Structures are given as C-alpha cells and as structure tokens.
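Chains as they are written, first to last, in our numbering: chain A, 1 to 358; chain B, 1 to 352.
Calculated from the structure, these hints are not laboratory results. Predicted, not measured: the structure shown is a model, and the values here were computed from it. Glycine included, each C-beta is placed from N, C-alpha and C at the ideal position. Be careful, since some hints might not be right.
[As the list claims (entries may be wrong)] Partial pick of chain A residues on the chain B-facing surface, computed with a CB cut under 8 Å:
| hint | residue |
| --- | --- |
| 1 | N52 |
| 2 | G53 |
| 3 | E57 |
| 4 | F139 |
| 5 | P158 |
| 6 | D171 |
| 7 | D190 |
| 8 | M206 |
| 9 | M236 |
| 10 | E283 |
[Stated by the list, open to error] As a list, the in silico BS3-like pairs of lysine-lysine whose alpha-carbon atoms are at most 27 Å apart:
| hint | chain 1 | residue 1 | chain 2 | residue 2 |
| --- | --- | --- | --- | --- |
| 11 | B | K112 | B | K265 |
| 12 | A | K325 | A | K299 |
| 13 | A | K78 | A | K299 |
| 14 | B | K79 | B | K275 |
| 15 | B | K112 | A | K106 |
| 16 | A | K277 | A | K299 |
| 17 | A | K315 | A | K325 |
| 18 | A | K125 | B | K181 |
| 19 | B | K79 | B | K9 |
| 20 | A | K111 | B | K112 |
| 21 | A | K92 | A | K315 |
| 22 | B | K94 | A | K180 |
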Amino acid sequence: MALVADLQDELDIVIPTIRNLDFLEQWRPFFQPYHLIIVQDGDPSNAIRVPNGFDYELYNRDHVNKVLGPTASCISFKDSACRCFGFLVSKKKYIFTIDDDCFVAKDPSGKEINALAQHIRNLLKPSTPLLFNTLYDPFAEGADFVRGYPFSLREGLPTAISHGLWLNIPDYDAPTQLVKPRERNTRYVDAVMTIPKGTLFPMCGMNLAFNRELIGPAMYFGLMGDGQPIGRYDDMWAGWCAKVICDHLGLGVKTGLPYIWHSKASNPFVNLKKEYKGIYWQEDMIPFFQSIILPKECKTVQQCYIMLAKSVKEKLGPVDPYFQKLGDAMVTWIDAWNELNPPPQTAAPAHPNGVKKN
Amino acid sequence: MATPTHLLKDELDIVIPTIRNLDFLEMWRPFLQPYHLIIVQDGDPTKTIKVPEGFDYELYNRNDINRMLGPRSNCISFKDSACRCFGYMVSKKKYIFTIDDDCFVAQDPSGKLVNALEQHIKNLLCPSTPFFFNTLYDPFREGADFVRGYPFSLREGVPTAVSHGLWLNIPDYDAPTQLVKPLERNTRYVDAVLTIPKGTLFPMCGMNLAFDRDLIGPAMYFGLMGDGQPIGRYDDMWAGWCIKVICDHLGLGVKTGLPYIYHSKASNPFVNLRKEYKGIFWQEEIIPFFQAAVLPKDCTTVQACYIELSKQVKDKLGKVDPYFDKLADAMVTWIEAWDELNPSGPGAKIAK
Chain A
1 MALVADLQDE LDIVIPTIRN LDFLEQWRPF FQPYHLIIVQ DGDPSNAIRV PNGFDYELYN
61 RDHVNKVLGP TASCISFKDS ACRCFGFLVS KKKYIFTIDD DCFVAKDPSG KEINALAQHI
121 RNLLKPSTPL LFNTLYDPFA EGADFVRGYP FSLREGLPTA ISHGLWLNIP DYDAPTQLVK
181 PRERNTRYVD AVMTIPKGTL FPMCGMNLAF NRELIGPAMY FGLMGDGQPI GRYDDMWAGW
241 CAKVICDHLG LGVKTGLPYI WHSKASNPFV NLKKEYKGIY WQEDMIPFFQ SIILPKECKT
301 VQQCYIMLAK SVKEKLGPVD PYFQKLGDAM VTWIDAWNEL NPPPQTAAPA HPNGVKKN
Chain B
1 MATPTHLLKD ELDIVIPTIR NLDFLEMWRP FLQPYHLIIV QDGDPTKTIK VPEGFDYELY
61 NRNDINRMLG PRSNCISFKD SACRCFGYMV SKKKYIFTID DDCFVAQDPS GKLVNALEQH
121 IKNLLCPSTP FFFNTLYDPF REGADFVRGY PFSLREGVPT AVSHGLWLNI PDYDAPTQLV
181 KPLERNTRYV DAVLTIPKGT LFPMCGMNLA FDRDLIGPAM YFGLMGDGQP IGRYDDMWAG
241 WCIKVICDHL GLGVKTGLPY IYHSKASNPF VNLRKEYKGI FWQEEIIPFF QAAVLPKDCT
301 TVQACYIELS KQVKDKLGKV DPYFDKLADA MVTWIEAWDE LNPSGPGAKI AK
C-alpha cells in the first residue's frame, strides 16, 4: 500500500555501528529509498561494509574530530551515544535511528512490520498529551476520542518523538537481566499512545524517530563510554531532557508501535559495570527532571536546553563532578548544533530606495 | 473451559443498574455466579426485575432508596444509570465491580472467553506505577518487567484504587462522534494494562469498572443526572475526574486497559445528544477546573478530599451554571449518606 507520505527526501536513517551492517539486508525493502548516516564507533581503521544499493554517508572518529574540532569532546566514544553526531550533521527534517541488532518483526497475523512507515505515521499525526484517551491513539484507523474527551483538546499537538518497542530481547537493565536472563517479550501490544504531559519515561534509542526541526537540539545523548564513569544512560538522558522540553514547548511524545525484533542480548555483567553508577544516580536525576520548571522566556529548544544545562550543573553537580562535565558538554553540543545548523538566512536588507524621480 | 477460580468471592460485590432485565447474566454465569450482586433498579419501581436463577443478590428500587436515605436520597439520580452509585454506598464489601446490562463476555484474539472480573481483580491486587511511565506497560504482568531507566525506588508502586476496563464492538463515543461515525466498531484488542500517570485526567467509563471501596469508595459518586437535571451521560465522567484528583493526592493508582467486555448496544445518538449537549460545552470549564485543583495537605482521607473538592466546585464552577451549586451540595449529601451507612469504614467520622 503506497504511503500517503513516505518522506523519502525528508528523512535520514542514523545507525551507529562498530562491526557491519548486514542487518540492513532484511530491512532493504523498507529502507533502501532512504539516505543513511552511519556513525562508526570504535577503531576508525576498521572498514564498515555497507550492503550494496544503499545511499549513505559514513563518519568514523577521525571524521567526527575533523568536522567538529574542539566541540568533538561532547561526542561519546566507544558507546552508541555517538549516534547523536548523526543527528547533528543531518540536513533532513526527520530522523529514524535503529541499532544494528534490530530486525524486522512480525505482527500477530505474521505480516512483516514496516517500522519506519509506522514511525512516520506517528510523527505526522498529532499527539494528545493533555488528557488521556482510553482508546489510545484517536487518530488510528477504527479509533477516535472517547466520550468525555473535551473537544477543545481534539486537535492535539505536533508530535516531536515516536518511541518504538521491541519483541524478543526486552530492554532491561543489568540487574533485571541477571535475575531474568530468559525472559523474552512476546506480547504484541497493538497501540500507539501519547505520554502525558508532566510524565517522564525511559526513552530507548534502538528504535526511535523524531522531528529534527521540532526537537533535534535536545537529542544529545550525553557523555558515555570511553573515559566516562557511566554507560547505557545515553538515551535515557536524552529522553528526560527531551520530554521536559516537549512538555514546556507544547510538543508530543508517542510510544508503542512499531515493534522491531531485537536479536542480541548484551552481556549483563558488562552492562552492570557500565550502568551501576546510573542506577543510583538516577534516584537523583529523576526528581531533578520531575521538578524542573523552564522559564517562559525559553521559547526555542536551544534556549530550553541551555537553561537545562545550567540547572544540571547547579543541582546535579553536587551529586558527582560528572554532572559538571555533562552540563558543559550539553552547552558544547548546542554550540556545535548551531554551527552546523545555522538558522535560515534572514532576507538580505533591501537596498535603500533612491528618491523617486519625478 | 477449566473452572475459573473465583478470587475474592466474599470480598467483592457486583453492582448492576438496570431498568429492564438481567438476561445478560446468563452469559456471565461461569465467571460471576459465586459473587453477590447488588442490583439497583432504576425507573418504575413497580416493575419486577427478573434475575436469573442461582444468583445471590439484593435489589433496590427507588422506593428502597428513598426509604433508606430519607432526605438524603435526593443525591441519588433517577432515570439515569448514575443511580448505580447507591449500590456502592450500601455494599459491605471491600471491592466493587460494576457492569452495564448490555455488556457481554468478549473473546481475546485467540478466541478464548475473557474473564473480565478476574482481570479486574488482578489489576486491583497488583500495584500501580503512576510516577513514571513504563514503556512495556504493566511491569507486574507475566513476561514483562520494568525497563532500563526505570528508577528502582519507584518499583514497589502504589496501591491500586481503580481498574478501568474497555469495550470491544460498540465503543464509548459521545453523541457527535456517534452521529458522524455510526458504523464504527472497536475491533482492536490492545493487550495491555497501564497506570494512568499522576497529574493526568482521563474519561472514566462506568460500564466495565472495578474499584477498592476502602481506598476510594466515597469519591465514586456519580453525580446528579437524568430526571429533573439538565445533563446526563456525564455521571461516570464526573466521578472519574474527582477520583483521579483524589487518587493523585493520596498516592493511589488508577489503571486502564484490559479487561475487555463486548458492548452490544449502541444507544440512540439523538437521545444522547439531548442528554450530553450541556456537558459538551461545560466540560471545557470542568476539565481546567480539575486539572488545576489542588487539595490541601491536611486532607488525608477520601471524605475530607471530597468535601474540599465540593467546596471548590461551588466556588469555581458555580459561576458556570447553578447546576454546579446543586451538584456541590449533593456531593456533601453523598458523603453524609456514605458515612452514615458506613460508620466504621476508613475515614468515617465515628457515628454518634
């Protein structure tokens, strides 16, 4: 079925990888028309094999350093957080990002799921963060707003983020993985819903899409991996920042469909080493994000983000010096974003008119 | 079909409002027969309501309501299913399940019959998670858990006060939507239970609903609707907004999602429009009122919260229409009646 809008020229697919992109073969029917931005983590001398027929740009660490110069310090190394460099350099309105161990899932009828098409539908239709609709997405076919849903809220708000889910290996933290190594997510929940205003959520980066114009500058995946005391909190960090900013600016965040099939269970012991600081730091981070209020004067994403960075340093700095570094990196990221994504040229000043000759 | 286990048999009442008959119970027999029914008969009290054999029940018609509540009976609606809340008040059980008489047993996608009451009980007995959204929905379900990034201090959850079920077939639409989409049927079985986050209101539908009377009962007043009132079909909505504000204040959870029932009867949209139309524009004031409502810290019982809410209703919505003055008074009357019939219940002032 042809999509009403498939956004082929308006969407980039950002994929972080250290090994190869064989997984793209399965996605070929759905992804091939789209431009890929591959962010190669780890050893830059490794050659990443991209399957034939895909149109792509590839950046390794050397490229990241060259493109950004001194601001490259904000981009993580040896962590999939580096993917946000792809968000930075993209010139498109929409981003879809997916991990290289995520494959095409099947719905309960056995049909293969075009995850990208669903994300696009989610992004192009409004969100409804101000009141919960008990039939979930009112814009889905066969659904609507239920009795009692105020009419003034039925236009909804623009959707900034579409957060997809995963069948098979669920996105658990290390303790849960250790306790339940065999648990697999087999439950297909046929719903898309808006996460209500004022409510935070754990945003997973492995199957995610967003509108760069609406929220791009907030999609910084933090300082993780090499030289950092923490890992596996990159997408979480971006998710909390982005949600606070979306709530402030009147934008929507959706979660639910589409599903991908997550094939690889990462090593829980390795994960625990990366996560363990996050596990207790999040007890401070969550109340911080839950209570932060952005001033009315913050009207753009960048303004909101800079304000957030200040608050991070001030309120989370006492928890650990890491947050001072992170607050600085957040500002560096915005500098880099503004440099690579300058605002559209204002109209050239009109030549002063000469005096009209009679 | 294996014999269903009948959890909480002696701790749960099933409240059913009706004006005609209870034939629908035949289909529910395997799931509901062990439970005690409280039937609230609306409309003409001289009519005899036929209850299928084998069900243990108490039945109240309008005469009974007037007799039992005396002058306070004016808070109970007449000629509107809102009268069902009388059943909540007279129950002596800890839990209530309420269902409409046009709601039948649904099937899940595998064809299996859905034991709605069992699912409601599971929902009520498991904690809720209103402070942070879990992207895999109910973390206490089999095969699910909290996801990475969910703070550990929030994983115990809070007690669940309300379980809001959904409907296959005829969806719960308002009159304008029914008029525009008369043929739309809900065929989407969404296999999830989720907690409605703190600070977020929702439209609570009374046709497939369960709650913990001890935790939230006094707030489940279904308002002044029907005969002699300017509005109808906003009874459950009103209760839902009140209970959500109070649950958020008291740290209780509200779940929505499974179980589904099969809703067989589409009510007449023209009749509905006449009942609803005031609500449609009043809700534009009602919603901001509830969204902004703040209850003082010293309101630590449901009754205290509810009385406070009634004051705010009078104060802030009274100017929208005199109806809200009456409604606020009725809210107080309801609490008085509740405390009188439930003198030793939680939050009740000790009866003199």
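Requested in this report: Would you check the hint for A:K78 and A:K299, treating anything up to 27 Å between C-alpha atoms as holding?
Outcome: Between A:K78 and A:K299 the Cα gap is close to 34 Å, so the pair fails against 27 Å, i.e. violated.
Report task. Would you settle whether the hint for A:F139 is holds or violated, based on the nearest Cβ-Cβ distance to chain B being less than 8 Å? Result -> Status violated, d = 13 Å.
**Report entry** Given pair status - B:K265, B:K112, alpha carbons within 27 Å
**Finding:** 22 Å, holds
Query - Hinted pair A:K315 and A:K325, Cα distance within 27 Å - result: Answer holds: A:K315 to A:K325 is near 13 Å, not above 27 Å.
Report task. For the hint on A:D190, just tell me whether its beta-carbon gets within less than 8 Å of chain B. Result -> 5 Å, holds
Query raised in the report: Between B:K94 and A:K180, is the straight-line Cα distance small enough, at 27 Å or below?
Result: 35 Å, violated
**Report entry** Cut-off 8 Å, beta-carbon criterion: hint that A:P158 touches chain B
**Finding:** Check failed: Cβ of A:P158 comes no nearer than 19 Å to chain B, outside 8 Å.
Query - A:K111 paired with B:K112 [C-alpha distance capped at 27 Å] - result: Given that 27 Å is the threshold and the Cα spacing comes to 22 Å, the pair holds.
Query raised in the report: Can we keep the A:E57 interface hint, with Cβ of chain B closer than 8 Å?
Result: Hint violated; A:E57 Cβ to chain B Cβ min 30 Å, cut 8 Å.
Query raised in the report: Taking 27 Å as the top limit, are the C-alpha atoms of A:K92 and A:K315 close enough?
Result: 35 Å, violated
Query raised in the report: Once the shortest beta carbon distance from A:N52 to chain B is found, is it less than 8 Å?
Result: 35 Å, violated
Query raised in the report: Is A:K125 close enough to B:K181, meaning Cα to Cα at most 27 Å?
Result: At roughly 20 Å apart (the allowed maximum being 27 Å), B:K181 and A:K125 satisfy the hint.
In summary, the numbered hints that this structure violates are 1, 2, 3, 4, 5, 8, 13, 16, 19, 21 and 22.
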